[in-house]
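Given the sequences, and given the hints that come with them, work out the whole structure.
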Amino acid sequence: MKWAARSLCAAATGVVLAASACSLEGARGNYGTGPDAIITVNGGEPQNGLVPTNTNENMGGRIVDSLFTGLYSYTADGTPVLANAESVDTTDNQHYTVHLRRDWTFTDGTPVRAENYVRAWNFGAATVNAQLQQSFFSPIEGYDAVAAEGSRLTEMSGVKVVDDYTFTVRLTSPNIDFKLGLGFTPFKPLPDVFFTEGAAKFGEHPVGNGPYMLKGPDAWLHNVKLDVVRNPNYRGPDKPKNGGLSFIFYSSFDTAYTDLESGNLDVLDTVPVSALGTYQKVLGKRALTKPTAQNLQLGIPYYLPHFSGEEGRLRRAAISMAINRPEIIKAIFRGARGAAQDFTARSLPGWDANIPGNDVLKFDPVKAKQLWAQADAMAPWSGSFEVAYNSDGDHQVWVDALSNQLKNALGIDAHGAPQPTFKQVRDEITKRTIRTAFRSGWQGDYPSMIEFLQPQFVTGAGSNDPVYSSPAFDAKLVEAERALDPNQSYALVNQAQAILLHDLPVIPLWDYIAAGGVGPGVTAQLTWNGLADFTQITKGDDAENSKG
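FYI, in mature numbering (1 follows the signal peptide of the UniProt record, and there is no 0) the residues of the sequence shown are -18 to -1, 1 to 530.
These aren't lab readings, by the way, just hints derived from the structure by calculation. Some hints here could point you the wrong way.
As the list claims (entries may be wrong) - Cβ-Cβ distance ranges computed for the label pairs, FRET-style:
| hint | residue 1 | residue 2 | range |
| --- | --- | --- | --- |
| 1 | E309 | D236 | 52 to 58 Å |
| 2 | K312 | H484 | 25 to 31 Å |
| 3 | V63 | V379 | 36 to 42 Å |
| 4 | Q352 | V449 | 25 to 31 Å |
| 5 | D200 | G91 | 19 to 25 Å |
| 6 | L466 | N336 | 33 to 39 Å |
| 7 | Y284 | G91 | 46 to 52 Å |
| 8 | T441 | H77 | 37 to 43 Å |
| 9 | K142 | A355 | 56 to 62 Å |
| 10 | P468 | D71 | 15 to 21 Å |
| 11 | Q406 | L203 | 33 to 39 Å |
| 12 | L466 | A355 | 17 to 23 Å |
| 13 | L466 | S133 | 27 to 33 Å |
| 14 | D200 | Q356 | 21 to 27 Å |
Every residue, glycine too, gets a C-beta built ideally from N, C-alpha and C.
What follows is the structure in C-alpha coordinates.
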(Lines of atoms letter the chains of each structure in order from A and count residues from 1; the text may use other names and numbers.)
(Lines give C-alpha, C1' and ligand atoms only; values in the text may rest on other atoms or scores of the structure.)
Protein backbone atom coordinates (compact mmCIF):
# COMPACT_ATOMS: atom_id res chain seq x y z
CA MET A 1 0.00 0.00 0.00
CA LYS A 2 1.29 3.46 -0.90
CA TRP A 3 2.49 5.31 2.14
CA ALA A 4 3.55 8.76 3.31
CA ALA A 5 2.78 11.35 5.97
CA ARG A 6 0.31 14.19 5.93
CA SER A 7 -0.67 17.45 7.59
CA LEU A 8 -1.71 18.50 11.08
CA CYS A 9 -3.75 21.66 11.34
CA ALA A 10 -5.29 22.99 8.17
CA ALA A 11 -8.34 24.99 9.07
CA ALA A 12 -11.33 25.18 6.78
CA THR A 13 -9.97 28.44 5.47
CA GLY A 14 -6.89 26.60 4.25
CA VAL A 15 -4.57 28.32 6.74
CA VAL A 16 -2.04 25.90 8.22
CA LEU A 17 -1.58 26.55 11.92
CA ALA A 18 1.38 25.76 14.15
CA ALA A 19 0.94 22.76 16.41
CA SER A 20 1.00 24.95 19.51
CA ALA A 21 -1.93 26.97 18.18
CA CYS A 22 -4.12 24.01 17.28
CA SER A 23 -7.23 23.68 19.39
CA LEU A 24 -7.30 19.89 19.05
CA GLU A 25 -7.64 19.06 22.73
CA GLY A 26 -4.68 16.83 21.89
CA ALA A 27 -2.81 16.73 25.18
CA ARG A 28 -2.70 13.35 26.89
CA GLY A 29 -4.51 14.57 29.93
CA ASN A 30 -7.62 15.44 27.94
CA TYR A 31 -8.03 11.87 26.70
CA GLY A 32 -7.68 10.01 29.98
CA THR A 33 -5.97 6.79 31.00
CA GLY A 34 -7.03 3.20 31.52
CA PRO A 35 -9.19 0.96 29.30
CA ASP A 36 -11.31 3.87 28.03
CA ALA A 37 -8.39 6.12 27.12
CA ILE A 38 -8.41 7.76 23.69
CA ILE A 39 -4.99 7.24 22.08
CA THR A 40 -3.53 10.04 19.95
CA VAL A 41 -1.58 8.68 16.97
CA ASN A 42 0.06 10.27 13.95
CA GLY A 43 -1.93 10.04 10.72
CA GLY A 44 -2.65 11.90 7.52
CA GLU A 45 -5.51 13.13 5.37
CA PRO A 46 -6.67 10.18 3.22
CA GLN A 47 -6.38 10.62 -0.52
CA ASN A 48 -9.98 9.49 -1.08
CA GLY A 49 -13.15 8.64 0.80
CA LEU A 50 -12.93 5.75 3.24
CA VAL A 51 -14.02 2.90 0.96
CA PRO A 52 -11.99 -0.34 1.27
CA THR A 53 -11.91 -1.12 -2.45
CA ASN A 54 -10.70 2.40 -3.31
CA THR A 55 -8.06 2.91 -0.62
CA ASN A 56 -4.52 2.09 -1.75
CA GLU A 57 -2.41 4.43 0.36
CA ASN A 58 -1.17 4.22 3.91
CA MET A 59 -2.93 7.14 5.56
CA GLY A 60 -6.37 6.12 4.39
CA GLY A 61 -5.55 2.45 4.85
CA ARG A 62 -4.76 2.67 8.55
CA ILE A 63 -8.14 4.30 9.18
CA VAL A 64 -10.12 1.95 6.93
CA ASP A 65 -8.52 -1.06 8.61
CA SER A 66 -9.58 0.25 12.01
CA LEU A 67 -13.20 0.54 10.80
CA PHE A 68 -13.55 -2.71 8.84
CA THR A 69 -12.62 -6.34 9.50
CA GLY A 70 -12.48 -9.06 6.86
CA LEU A 71 -12.49 -12.84 6.89
CA TYR A 72 -9.11 -12.75 8.61
CA SER A 73 -7.17 -10.26 10.70
CA TYR A 74 -3.40 -10.19 11.14
CA THR A 75 -1.38 -10.44 14.33
CA ALA A 76 1.54 -8.11 15.05
CA ASP A 77 3.92 -10.55 13.33
CA GLY A 78 1.67 -10.85 10.24
CA THR A 79 0.07 -14.21 11.02
CA PRO A 80 -3.50 -14.42 9.65
CA VAL A 81 -6.17 -15.49 12.15
CA LEU A 82 -9.84 -16.15 11.48
CA ALA A 83 -11.99 -13.10 12.23
CA ASN A 84 -15.36 -12.62 10.49
CA ALA A 85 -14.99 -16.09 8.94
CA GLU A 86 -15.82 -19.23 10.87
CA SER A 87 -13.85 -21.17 8.26
CA VAL A 88 -12.29 -20.78 4.81
CA ASP A 89 -11.92 -24.23 3.24
CA THR A 90 -9.99 -25.30 0.15
CA THR A 91 -8.22 -28.46 -0.98
CA ASP A 92 -6.58 -27.07 -4.11
CA ASN A 93 -5.98 -23.30 -3.63
CA GLN A 94 -8.54 -22.71 -6.39
CA HIS A 95 -11.99 -23.54 -5.01
CA TYR A 96 -13.00 -22.05 -1.65
CA THR A 97 -16.01 -22.30 0.62
CA VAL A 98 -16.39 -19.51 3.16
CA HIS A 99 -18.57 -19.88 6.26
CA LEU A 100 -19.22 -16.65 8.16
CA ARG A 101 -19.80 -16.22 11.85
CA ARG A 102 -23.48 -15.52 12.57
CA ASP A 103 -22.95 -13.13 15.47
CA TRP A 104 -21.36 -10.26 13.55
CA THR A 105 -22.97 -6.92 12.70
CA PHE A 106 -22.06 -3.63 11.09
CA THR A 107 -22.13 -0.61 13.37
CA ASP A 108 -25.57 0.36 12.02
CA GLY A 109 -26.91 -2.90 13.48
CA THR A 110 -27.37 -4.78 10.21
CA PRO A 111 -25.92 -8.32 10.02
CA VAL A 112 -22.74 -9.11 8.08
CA ARG A 113 -23.87 -11.69 5.54
CA ALA A 114 -22.38 -13.48 2.57
CA GLU A 115 -24.07 -11.00 0.26
CA ASN A 116 -22.11 -8.13 1.85
CA TYR A 117 -18.86 -9.78 0.76
CA VAL A 118 -19.98 -10.84 -2.69
CA ARG A 119 -21.45 -7.44 -3.55
CA ALA A 120 -18.36 -5.64 -2.20
CA TRP A 121 -15.96 -7.79 -4.22
CA ASN A 122 -18.01 -7.40 -7.38
CA PHE A 123 -18.10 -3.64 -6.85
CA GLY A 124 -14.35 -3.54 -6.43
CA ALA A 125 -13.69 -5.64 -9.53
CA ALA A 126 -16.01 -3.91 -12.02
CA THR A 127 -14.37 -1.37 -14.33
CA VAL A 128 -17.52 0.74 -14.27
CA ASN A 129 -16.74 1.60 -10.62
CA ALA A 130 -13.06 2.54 -11.23
CA GLN A 131 -11.76 1.30 -7.88
CA LEU A 132 -8.04 1.66 -7.14
CA GLN A 133 -7.79 -1.83 -5.62
CA GLN A 134 -9.47 -3.50 -8.60
CA SER A 135 -6.53 -5.70 -9.58
CA PHE A 136 -6.59 -7.66 -6.31
CA PHE A 137 -9.69 -9.45 -7.56
CA SER A 138 -7.95 -10.59 -10.75
CA PRO A 139 -7.46 -14.22 -9.62
CA ILE A 140 -11.24 -14.74 -9.42
CA GLU A 141 -13.04 -16.40 -12.32
CA GLY A 142 -15.02 -13.84 -14.31
CA TYR A 143 -12.79 -10.92 -13.35
CA ASP A 144 -11.58 -10.40 -16.91
CA ALA A 145 -15.15 -9.91 -18.12
CA VAL A 146 -16.10 -7.26 -15.55
CA ALA A 147 -12.68 -5.56 -15.61
CA ALA A 148 -12.35 -5.22 -19.37
CA GLU A 149 -12.08 -1.68 -20.68
CA GLY A 150 -15.57 -0.36 -21.38
CA SER A 151 -17.30 -3.34 -19.74
CA ARG A 152 -20.70 -2.70 -18.15
CA LEU A 153 -20.77 -6.11 -16.45
CA THR A 154 -20.84 -5.98 -12.67
CA GLU A 155 -20.81 -9.58 -11.38
CA MET A 156 -17.93 -12.06 -11.47
CA SER A 157 -18.93 -15.63 -12.21
CA GLY A 158 -16.51 -16.98 -9.61
CA VAL A 159 -18.19 -15.58 -6.48
CA LYS A 160 -21.55 -17.04 -5.45
CA VAL A 161 -23.82 -16.69 -2.42
CA VAL A 162 -24.89 -20.11 -1.10
CA ASP A 163 -26.95 -18.93 1.86
CA ASP A 164 -26.99 -16.01 4.29
CA TYR A 165 -23.68 -17.01 5.86
CA THR A 166 -21.95 -19.05 3.16
CA PHE A 167 -20.38 -18.15 -0.17
CA THR A 168 -18.03 -19.82 -2.60
CA VAL A 169 -15.06 -18.50 -4.56
CA ARG A 170 -13.67 -20.04 -7.72
CA LEU A 171 -10.33 -18.85 -9.11
CA THR A 172 -9.16 -19.19 -12.69
CA SER A 173 -6.18 -21.22 -11.44
CA PRO A 174 -4.60 -22.17 -8.10
CA ASN A 175 -3.21 -19.18 -6.20
CA ILE A 176 -0.84 -19.71 -3.30
CA ASP A 177 -1.39 -16.20 -1.89
CA PHE A 178 -5.16 -15.81 -2.20
CA LYS A 179 -6.15 -17.14 1.22
CA LEU A 180 -3.33 -15.23 2.93
CA GLY A 181 -4.67 -11.97 1.50
CA LEU A 182 -8.29 -12.33 2.58
CA GLY A 183 -7.76 -10.02 5.55
CA PHE A 184 -6.45 -7.23 3.32
CA THR A 185 -8.42 -4.01 2.87
CA PRO A 186 -10.19 -4.53 -0.52
CA PHE A 187 -11.61 -7.91 0.57
CA LYS A 188 -13.60 -6.45 3.45
CA PRO A 189 -17.42 -6.42 3.41
CA LEU A 190 -19.64 -3.44 2.66
CA PRO A 191 -23.01 -2.87 4.35
CA ASP A 192 -26.28 -2.45 2.49
CA VAL A 193 -26.18 1.31 3.13
CA PHE A 194 -23.09 1.60 0.91
CA PHE A 195 -25.12 0.49 -2.10
CA THR A 196 -28.05 2.78 -1.34
CA GLU A 197 -26.00 5.91 -0.51
CA GLY A 198 -23.25 5.46 -3.08
CA ALA A 199 -19.49 5.46 -2.62
CA ALA A 200 -19.00 9.23 -2.39
CA LYS A 201 -21.44 9.82 0.48
CA PHE A 202 -20.54 6.60 2.27
CA GLY A 203 -16.82 7.37 2.08
CA GLU A 204 -17.31 10.49 4.20
CA HIS A 205 -19.25 8.63 6.92
CA PRO A 206 -18.37 4.93 6.59
CA VAL A 207 -20.24 2.21 8.45
CA GLY A 208 -17.96 -0.73 9.15
CA ASN A 209 -17.72 -3.93 11.15
CA GLY A 210 -14.26 -3.42 12.65
CA PRO A 211 -12.82 -2.81 16.10
CA TYR A 212 -13.57 0.92 15.90
CA MET A 213 -16.27 3.19 14.49
CA LEU A 214 -16.42 6.90 13.73
CA LYS A 215 -16.93 8.97 16.86
CA GLY A 216 -19.87 10.76 15.28
CA PRO A 217 -21.00 12.76 12.24
CA ASP A 218 -18.18 15.28 12.76
CA ALA A 219 -15.46 12.70 13.45
CA TRP A 220 -13.51 13.59 10.30
CA LEU A 221 -12.24 17.16 10.37
CA HIS A 222 -10.55 17.26 6.98
CA ASN A 223 -6.84 18.08 7.00
CA VAL A 224 -6.85 18.19 10.81
CA LYS A 225 -7.81 14.87 12.42
CA LEU A 226 -10.19 11.91 12.48
CA ASP A 227 -11.58 10.32 15.65
CA VAL A 228 -12.73 6.74 16.12
CA VAL A 229 -14.09 5.04 19.24
CA ARG A 230 -14.27 1.42 20.31
CA ASN A 231 -17.03 -0.62 18.64
CA PRO A 232 -18.90 -2.13 21.63
CA ASN A 233 -20.30 -4.97 19.51
CA TYR A 234 -17.03 -6.04 17.89
CA ARG A 235 -16.57 -9.83 17.77
CA GLY A 236 -13.04 -10.13 16.41
CA PRO A 237 -9.88 -11.51 18.02
CA ASP A 238 -8.27 -8.06 18.22
CA LYS A 239 -10.67 -6.35 20.63
CA PRO A 240 -9.41 -2.87 21.55
CA LYS A 241 -7.71 -2.40 24.90
CA ASN A 242 -8.36 1.34 24.63
CA GLY A 243 -11.40 3.54 24.15
CA GLY A 244 -10.52 4.83 20.70
CA LEU A 245 -7.99 6.58 18.50
CA SER A 246 -7.48 10.16 17.40
CA PHE A 247 -5.53 10.26 14.13
CA ILE A 248 -3.75 13.63 14.09
CA PHE A 249 -2.76 14.91 10.63
CA TYR A 250 0.69 16.42 11.11
CA SER A 251 2.39 18.89 8.80
CA SER A 252 5.78 17.30 9.53
CA PHE A 253 7.29 14.45 11.49
CA ASP A 254 9.41 16.99 13.36
CA THR A 255 6.26 18.56 14.79
CA ALA A 256 4.87 15.14 15.67
CA TYR A 257 8.12 14.17 17.38
CA THR A 258 8.10 17.37 19.43
CA ASP A 259 4.58 16.51 20.57
CA LEU A 260 5.71 12.98 21.43
CA GLU A 261 8.60 14.27 23.54
CA SER A 262 6.32 16.64 25.42
CA GLY A 263 3.58 14.07 26.04
CA ASN A 264 1.06 15.59 23.61
CA LEU A 265 1.14 12.59 21.26
CA ASP A 266 0.80 9.01 22.45
CA VAL A 267 2.21 7.04 19.51
CA LEU A 268 4.45 8.00 16.58
CA ASP A 269 5.35 5.34 14.01
CA THR A 270 7.99 7.38 12.15
CA VAL A 271 10.75 9.34 13.87
CA PRO A 272 11.92 12.29 11.72
CA VAL A 273 15.26 12.13 9.96
CA SER A 274 16.54 14.92 12.19
CA ALA A 275 16.13 12.75 15.31
CA LEU A 276 17.26 9.33 14.05
CA GLY A 277 20.68 9.72 15.64
CA THR A 278 19.33 10.66 19.07
CA TYR A 279 15.78 9.36 19.54
CA GLN A 280 16.74 6.13 21.34
CA LYS A 281 18.81 8.04 23.89
CA VAL A 282 16.19 10.77 24.29
CA LEU A 283 13.18 8.45 24.56
CA GLY A 284 14.84 5.57 26.38
CA LYS A 285 12.27 2.82 26.98
CA ARG A 286 9.75 4.87 25.04
CA ALA A 287 11.64 4.25 21.77
CA LEU A 288 10.33 1.65 19.32
CA THR A 289 12.36 -0.05 16.59
CA LYS A 290 11.68 -3.03 14.34
CA PRO A 291 12.69 -4.31 10.86
CA THR A 292 9.56 -3.94 8.76
CA ALA A 293 8.13 -4.70 5.34
CA GLN A 294 8.33 -1.21 3.84
CA ASN A 295 10.43 0.16 1.03
CA LEU A 296 11.11 3.40 -0.79
CA GLN A 297 11.68 3.84 -4.49
CA LEU A 298 12.01 6.39 -7.27
CA GLY A 299 9.18 6.25 -9.79
CA ILE A 300 9.75 7.42 -13.38
CA PRO A 301 6.67 7.27 -15.64
CA TYR A 302 7.18 5.68 -19.02
CA TYR A 303 5.28 8.53 -20.66
CA LEU A 304 7.99 11.06 -19.76
CA PRO A 305 10.31 12.09 -22.63
CA HIS A 306 13.55 10.04 -22.71
CA PHE A 307 12.24 7.30 -20.39
CA SER A 308 10.60 4.75 -22.67
CA GLY A 309 12.06 2.07 -24.92
CA GLU A 310 15.77 1.21 -24.92
CA GLU A 311 16.78 4.82 -24.31
CA GLY A 312 14.62 4.88 -21.21
CA ARG A 313 15.98 1.56 -19.97
CA LEU A 314 19.55 2.85 -20.25
CA ARG A 315 18.72 6.09 -18.43
CA ARG A 316 16.92 4.25 -15.63
CA ALA A 317 19.93 1.97 -15.12
CA ALA A 318 22.29 4.95 -15.23
CA ILE A 319 20.30 6.81 -12.58
CA SER A 320 20.18 3.72 -10.36
CA MET A 321 23.95 3.18 -10.56
CA ALA A 322 24.61 6.88 -9.94
CA ILE A 323 22.97 6.65 -6.50
CA ASN A 324 25.19 5.81 -3.54
CA ARG A 325 22.55 4.26 -1.31
CA PRO A 326 24.87 3.25 1.58
CA GLU A 327 26.24 6.80 1.78
CA ILE A 328 22.75 8.32 2.10
CA ILE A 329 21.69 5.66 4.61
CA LYS A 330 24.73 6.29 6.81
CA ALA A 331 24.78 10.08 6.60
CA ILE A 332 21.06 10.84 6.71
CA PHE A 333 19.21 7.84 8.14
CA ARG A 334 21.90 6.82 10.65
CA GLY A 335 21.62 3.19 9.56
CA ALA A 336 17.83 2.99 9.94
CA ARG A 337 17.44 1.76 6.36
CA GLY A 338 18.83 -1.11 4.31
CA ALA A 339 20.09 -0.56 0.76
CA ALA A 340 17.62 -2.10 -1.70
CA GLN A 341 18.59 -5.37 -3.30
CA ASP A 342 15.22 -6.08 -4.91
CA PHE A 343 11.68 -4.65 -5.20
CA THR A 344 10.31 -6.06 -1.91
CA ALA A 345 11.71 -5.96 1.65
CA ARG A 346 14.25 -8.16 3.38
CA SER A 347 11.90 -9.03 6.26
CA LEU A 348 9.54 -10.98 3.95
CA PRO A 349 9.50 -14.79 3.57
CA GLY A 350 11.52 -15.90 0.54
CA TRP A 351 13.59 -12.72 0.23
CA ASP A 352 16.86 -13.27 -1.65
CA ALA A 353 19.86 -10.93 -1.69
CA ASN A 354 21.33 -12.55 -4.80
CA ILE A 355 18.78 -12.10 -7.59
CA PRO A 356 20.50 -12.04 -10.99
CA GLY A 357 20.81 -8.49 -12.26
CA ASN A 358 20.70 -6.67 -8.95
CA ASP A 359 24.16 -5.23 -9.59
CA VAL A 360 22.20 -2.40 -11.21
CA LEU A 361 21.29 -1.33 -7.67
CA LYS A 362 24.94 -0.87 -6.66
CA PHE A 363 26.83 2.42 -6.86
CA ASP A 364 29.00 2.52 -9.99
CA PRO A 365 29.39 6.11 -11.26
CA VAL A 366 31.70 5.11 -14.13
CA LYS A 367 29.21 2.59 -15.53
CA ALA A 368 26.37 5.06 -14.90
CA LYS A 369 28.06 7.72 -17.03
CA GLN A 370 28.68 5.19 -19.81
CA LEU A 371 25.02 4.14 -19.87
CA TRP A 372 23.87 7.77 -19.89
CA ALA A 373 26.17 8.46 -22.85
CA GLN A 374 24.73 5.47 -24.72
CA ALA A 375 21.25 6.89 -24.18
CA ASP A 376 22.42 10.33 -25.34
CA ALA A 377 23.61 8.75 -28.58
CA MET A 378 20.00 7.73 -29.24
CA ALA A 379 18.43 11.05 -28.23
CA PRO A 380 20.45 13.86 -26.58
CA TRP A 381 19.31 14.76 -23.07
CA SER A 382 17.97 18.24 -22.43
CA GLY A 383 16.38 19.96 -19.48
CA SER A 384 16.53 18.83 -15.87
CA PHE A 385 15.71 15.71 -13.88
CA GLU A 386 13.23 16.53 -11.13
CA VAL A 387 11.99 14.40 -8.24
CA ALA A 388 8.55 15.26 -6.86
CA TYR A 389 7.95 14.69 -3.17
CA ASN A 390 5.52 15.82 -0.49
CA SER A 391 6.97 18.47 1.82
CA ASP A 392 4.94 17.12 4.75
CA GLY A 393 6.75 13.78 4.61
CA ASP A 394 10.35 14.45 5.71
CA HIS A 395 11.85 13.77 2.28
CA GLN A 396 13.75 16.94 1.32
CA VAL A 397 17.09 15.96 2.86
CA TRP A 398 17.47 12.66 1.05
CA VAL A 399 16.00 14.00 -2.22
CA ASP A 400 18.58 16.80 -2.18
CA ALA A 401 21.38 14.30 -1.47
CA LEU A 402 20.22 11.98 -4.24
CA SER A 403 19.95 14.90 -6.67
CA ASN A 404 23.52 15.96 -5.88
CA GLN A 405 24.74 12.44 -6.54
CA LEU A 406 23.02 12.47 -9.94
CA LYS A 407 24.59 15.84 -10.77
CA ASN A 408 28.05 14.59 -9.85
CA ALA A 409 27.86 11.22 -11.58
CA LEU A 410 25.90 12.13 -14.72
CA GLY A 411 26.67 15.82 -15.15
CA ILE A 412 23.00 16.80 -15.37
CA ASP A 413 20.82 19.32 -13.60
CA ALA A 414 18.88 17.37 -10.98
CA HIS A 415 16.80 18.72 -8.11
CA GLY A 416 13.74 18.16 -5.97
CA ALA A 417 10.24 19.33 -6.91
CA PRO A 418 8.39 19.73 -3.59
CA GLN A 419 4.62 19.83 -3.32
CA PRO A 420 2.85 20.78 -0.09
CA THR A 421 0.96 17.57 0.66
CA PHE A 422 0.97 13.84 0.09
CA LYS A 423 -2.55 14.02 -1.35
CA GLN A 424 -1.51 16.53 -4.03
CA VAL A 425 1.38 14.35 -5.19
CA ARG A 426 -0.72 11.17 -5.13
CA ASP A 427 -3.55 12.82 -7.07
CA GLU A 428 -1.17 13.81 -9.89
CA ILE A 429 0.38 10.34 -9.94
CA THR A 430 -2.99 8.57 -9.94
CA LYS A 431 -4.36 10.82 -12.71
CA ARG A 432 -1.15 10.32 -14.76
CA THR A 433 -0.63 14.08 -14.95
CA ILE A 434 2.69 14.20 -13.11
CA ARG A 435 5.54 15.29 -15.38
CA THR A 436 8.53 14.43 -13.20
CA ALA A 437 10.03 11.48 -11.40
CA PHE A 438 8.52 11.00 -7.96
CA ARG A 439 9.17 9.56 -4.54
CA SER A 440 7.13 6.45 -3.92
CA GLY A 441 7.05 3.52 -1.56
CA TRP A 442 5.20 0.39 -0.54
CA GLN A 443 4.12 -0.90 2.84
CA GLY A 444 3.13 -4.56 3.03
CA ASP A 445 -0.55 -5.35 3.49
CA TYR A 446 0.12 -8.99 4.29
CA PRO A 447 3.51 -10.76 4.47
CA SER A 448 4.07 -11.72 0.84
CA MET A 449 6.55 -10.74 -1.87
CA ILE A 450 3.80 -11.25 -4.47
CA GLU A 451 1.74 -8.58 -2.71
CA PHE A 452 4.59 -6.10 -3.17
CA LEU A 453 4.85 -6.86 -6.90
CA GLN A 454 1.36 -7.60 -8.25
CA PRO A 455 -0.36 -4.25 -7.50
CA GLN A 456 2.63 -2.15 -8.55
CA PHE A 457 3.96 -3.80 -11.70
CA VAL A 458 1.35 -6.05 -13.35
CA THR A 459 -0.06 -4.48 -16.51
CA GLY A 460 -3.02 -2.25 -15.67
CA ALA A 461 -2.83 -2.75 -11.89
CA GLY A 462 -4.27 0.05 -9.77
CA SER A 463 -0.95 1.05 -8.18
CA ASN A 464 1.12 0.68 -11.37
CA ASP A 465 2.14 4.32 -11.21
CA PRO A 466 4.92 4.26 -13.85
CA VAL A 467 2.44 2.66 -16.33
CA TYR A 468 4.76 -0.33 -16.79
CA SER A 469 3.80 -3.30 -18.95
CA SER A 470 5.74 -6.53 -19.45
CA PRO A 471 3.97 -9.69 -20.65
CA ALA A 472 7.01 -11.70 -19.53
CA PHE A 473 6.82 -10.32 -15.99
CA ASP A 474 3.04 -10.79 -15.84
CA ALA A 475 3.35 -14.42 -16.93
CA LYS A 476 6.14 -15.22 -14.49
CA LEU A 477 4.20 -13.76 -11.57
CA VAL A 478 1.19 -15.89 -12.52
CA GLU A 479 3.48 -18.92 -12.39
CA ALA A 480 4.54 -17.90 -8.89
CA GLU A 481 0.91 -17.56 -7.82
CA ARG A 482 0.05 -21.01 -9.20
CA ALA A 483 2.88 -22.78 -7.39
CA LEU A 484 1.70 -25.23 -4.74
CA ASP A 485 4.94 -25.14 -2.75
CA PRO A 486 6.11 -21.90 -1.06
CA ASN A 487 9.77 -22.43 -1.96
CA GLN A 488 8.88 -22.95 -5.61
CA SER A 489 6.78 -19.78 -5.47
CA TYR A 490 9.64 -17.79 -3.94
CA ALA A 491 12.00 -18.92 -6.72
CA LEU A 492 9.50 -17.89 -9.40
CA VAL A 493 8.88 -14.53 -7.71
CA ASN A 494 12.58 -13.80 -7.85
CA GLN A 495 12.73 -14.83 -11.52
CA ALA A 496 10.00 -12.23 -12.06
CA GLN A 497 12.10 -9.72 -10.15
CA ALA A 498 15.04 -10.40 -12.47
CA ILE A 499 12.83 -9.06 -15.28
CA LEU A 500 12.10 -5.95 -13.21
CA LEU A 501 15.81 -5.45 -12.56
CA HIS A 502 16.39 -5.39 -16.30
CA ASP A 503 13.54 -2.94 -16.97
CA LEU A 504 13.59 -0.84 -13.75
CA PRO A 505 9.99 0.45 -13.84
CA VAL A 506 10.91 2.06 -10.53
CA ILE A 507 14.35 2.44 -8.99
CA PRO A 508 14.49 0.70 -5.59
CA LEU A 509 16.29 2.79 -2.99
CA TRP A 510 16.02 1.20 0.45
CA ASP A 511 13.80 -0.69 2.84
CA TYR A 512 13.05 0.18 6.42
CA ILE A 513 13.99 -0.44 9.99
CA ALA A 514 11.04 1.30 11.61
CA ALA A 515 11.81 3.92 14.23
CA GLY A 516 8.99 5.17 16.41
CA GLY A 517 8.12 6.06 19.95
CA VAL A 518 5.41 6.32 22.58
CA GLY A 519 4.42 8.95 25.10
CA PRO A 520 4.81 8.68 28.88
CA GLY A 521 2.75 5.87 30.35
CA VAL A 522 1.90 4.39 26.95
CA THR A 523 2.51 0.75 26.03
CA ALA A 524 2.56 -0.14 22.33
CA GLN A 525 4.40 -2.16 19.72
CA LEU A 526 5.11 -1.83 16.02
CA THR A 527 3.79 -4.54 13.73
CA TRP A 528 5.50 -6.46 10.93
CA ASN A 529 4.75 -3.65 8.44
CA GLY A 530 5.75 -0.72 10.64
CA LEU A 531 2.35 0.46 11.85
CA ALA A 532 1.40 0.55 15.50
CA ASP A 533 -0.72 -2.36 16.73
CA PHE A 534 -3.56 0.07 17.37
CA THR A 535 -6.04 -2.13 19.23
CA GLN A 536 -3.42 -3.25 21.74
CA ILE A 537 -2.19 0.21 22.78
CA THR A 538 -2.76 1.03 26.44
CA LYS A 539 -2.25 4.20 28.44
CA GLY A 540 -1.94 4.36 32.19
CA ASP A 541 -0.15 6.55 34.68
CA ASP A 542 2.14 3.69 35.70
CA ALA A 543 2.18 1.63 32.49
CA GLU A 544 5.60 0.31 31.49
CA ASN A 545 6.62 1.28 27.98
CA SER A 546 7.30 -1.62 25.62
CA LYS A 547 9.55 -1.79 22.60
CA GLY A 548 8.19 -3.29 19.36
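Each hint tested on the structure:
no.	hint	result
1	E309 to D236: 52 to 58 Å	violated, 23 Å
2	K312 to H484: 25 to 31 Å	holds, 29 Å
3	V63 to V379: 36 to 42 Å	holds, 40 Å
4	Q352 to V449: 25 to 31 Å	holds, 28 Å
5	D200 to G91: 19 to 25 Å	holds, 21 Å
6	L466 to N336: 33 to 39 Å	violated, 25 Å
7	Y284 to G91: 46 to 52 Å	holds, 49 Å
8	T441 to H77: 37 to 43 Å	violated, 26 Å
9	K142 to A355: 56 to 62 Å	holds, 59 Å
10	P468 to D71: 15 to 21 Å	holds, 20 Å
11	Q406 to L203: 33 to 39 Å	violated, 19 Å
12	L466 to A355: 17 to 23 Å	violated, 47 Å
13	L466 to S133: 27 to 33 Å	holds, 32 Å
14	D200 to Q356: 21 to 27 Å	violated, 59 Å
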